[in-house]
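Use these hints to put chain B onto chain A, whose structure you have.
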Amino acid sequence: MEHHASQAQIIFGLDPTWVAATLFLVTYGLIMLERVNRAIIALLAAGLMILTGVISQEAAIDDGVDFNTIGLLTGMMIIVSITRGSGVFQFLAIWSAKRVGANPWGIMVMLVLVTAVFSALLDNVTTVLLIVPVTLLITDELKLNPYPYLFSEIFASNIGGTATLIGDPPNIMIGSAVGLSFTDFIINLGPAVAVILPLTLIPIYLIWGRSLHTTQELRMRVMAYDEKEAITDKVLLYKSTLVLALVITGFVFAHDFNQQPATIAMFGGALLLLLDNLPRAFCDQADACHKTYSEVEWTTIFFFIGLFIVVYGVESTGILDRLAHEVLALTKGDQMITAMSILWVSAIASAVVDNIPFVATMIPLIKSMAGPMGGSEQLIPLWWSLALGSCLGGNGSLVGASANLIVAGFAERAGHPIRFLPFMLMAFPLMIFSIAVSTVYVYFWFF
Amino acid sequence: MTARLVMNPNPAVLQNTDKISLAADYVMQQRCRRLPVIDKDGKYVGVFGINCLLRLILPKAVLMKDGLETARFVKSSLSDLHHRFNEIMDEPVTLCMTEEATTVDPDTPLIETLRLLYGHMGSMPVVDSKNGKLLGTVTYWDVGRAILEAKV
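Chains as they are written, first to last, in the numbering used here: chain A, 1 to 447; chain B, 1 to 152.
Quick caveat, the hints were computed from the structure, so don't treat them as lab data.
C-beta: ideal position from N, C-alpha, C; glycine also.
Take these hints with a grain of salt, some might be off.
Said to hold, decoys possible - Now the in silico label distances, taken between C-beta atoms and shown as ranges:
#1 A:V100 - B:K65: 28 to 36 Å
#2 A:N145 - B:E149: 51 to 59 Å
#3 A:A370 - B:L58: 52 to 60 Å
#4 B:R55 - A:F447: 56 to 64 Å
#5 B:A12 - A:P429: 52 to 60 Å
#6 B:L78 - A:A281: 40 to 48 Å
#7 A:S211 - B:L58: 26 to 34 Å
#8 A:L405 - B:L54: 27 to 35 Å
#9 A:D256 - B:R55: 51 to 59 Å
#10 B:D39 - A:I207: 37 to 45 Å
Just chain A, same shape as in the assembly (with noise of 0.2 Å):
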């Protein structure tokens, strides 16, 4: 990697390391505090970085912004912005709570792999924006207290998004920054996934499970329903399934032929635009490609495009390699050791403050540790105890995540909220659970 840093003039004769780590740290205390939007606050911090002279806006674009990040996320949105107007989830909701008999340990157990699988496949935030209104009808027709269902529903997110690649931001990041393939990630948390995932069930069966009980009249109005109904545009369904086959065959094939992620999902949102296009006229094409382009979740966009030059701007001036040094020093550079440090503290810290930004920082200070600790390859398992530690981290408080925060909306409106204290008494001790478990899984499974 190039570094433009000296090109460019310092104010004041000021210390960039002094600069740059005042206005990360600044950057960090105000998106903790919530007064002001996020990507506002990522934005106007980048733009500091650049006009106090940290870096130049060429070093910015060129080495600091992950646009193969941008690009994934960005193409993902558009499939999702297509997709979710087919009614798809909504069908898949219903069809698995029939298959169980609408019977309401057996409805837990489906919405919780349906949302699994969805948030492995696309993003979080939309698996449970689509599937949490399908599981308030679900749990009003059967008369049954929603917030169990809606707990699990958070955890199966984070989780399932834990699988894959494209499943939560912080694996978007690390996958493009580290060069790590789809296959690779599903071969290396997969397997984690799939046991986190029913071992997780244990304890809220025992909690909530054996006390859901409806009665069979009310059974057979939700076995009434007719799934198929719910499919709102069959083309659609057909078109962006196709599309999302497609992508995801390419994801797994892409290292092979030397494409990035970002391609392929752009593609794929592309392909998707003019297959749900081709029929429109040309006069109407406008308006429905604006209105797709506008649900790209900009803010997001923008977030991710400041954050990652207000990091570089740190990264530039070496603070994240001396922290790195200093991290080996206290793991005294054992491969082991430093793994279940990353783990531990990634989870807490994503429980407790956004983990977007923390895996951004993570991602260059444990680059910097390649060459005490003898080469990149050394560092594998240390990026899987990211991914692992970031994602799961993120079921540990209501704020965890963005999509705990869209399913707690969405319970406050159906007048059951789940309060910030309550969530955390139970779900904290279920995210340390979730840890501990990786931590048998990445000692077994990487030493």
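Just chain B, lined up with the frame of chain A:
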């Protein structure tokens, strides 16, 4: 000319302690879409209307923000809906009345009153902004009659 001159000073009202069953009977018999709700001191507290009744018998997941965009797959019978209604009929009308309905002050100029009425379909409570008391309602029919009966 102000809202006071075109309002109905003796509209049908509901008390905030009235049961939903009473309100439903009245709304259905009188075919009125919206009724103002007042407290024991005559202060305006909200509006209860036909939409409130629909809201009570429809699943919350269909009505909430970002909720289900279609409910075509739900196969409910009339007796299911009646059952749902029975569950809430003894609750007070405040359970589902709208508190954010647009109201007008009696001194609102006529054209502004009509503009608001145009945007809010049907009827609006006239509320004294000083003491919060309900003074009457303005409906299309009251205004229409007042205009037709006015001397040219």
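Is 51 to 59 Å a correct range for the gap between the Cβ atoms of A:N145 and B:E149?
holds (58 Å)
Quick one: are A:A370 and B:L58 within 52 to 60 Å, going by C-beta?
Roughly 59 Å apart at Cβ, these two residues keep to the hinted range, so it holds.
Given a hinted range of 51 to 59 Å, is it respected by the beta-carbon distance of A:D256 and B:R55?
holds (55 Å)
Using the beta carbons of B:D39 and A:I207, state whether their distance is inside 37 to 45 Å or not.
With Cβ atoms ~43 Å apart, the hint holds.
Cβ-Cβ distance between A:S211 and B:L58: within 26 to 34 Å?
Taking Cβ atoms as reference, A:S211 and B:L58 lie about 28 Å apart, which means the hint holds.
Do the Cβ positions of B:R55 and A:F447 conform to the proposed distance bound of 56 to 64 Å?
holds (58 Å)
Tell me if the beta carbons of B:A12 and A:P429 are separated by a distance inside 52 to 60 Å.
holds (56 Å)
CB-CB spacing for A:A281 and B:L78 relative to the 40 to 48 Å hint
Taking Cβ atoms as reference, B:L78 and A:A281 lie about 42 Å apart, which means the hint holds.
May I ask you to test the hint 28 to 36 Å on the CB atoms belonging to A:V100 and B:K65?
holds (29 Å)
Verify the CB-CB distance for A:L405 and B:L54 against the hinted window 27 to 35 Å.
Because 30 Å falls inside the window, the suggested range holds.
Comparing the model with each numbered hint stated earlier shows that all of them hold.
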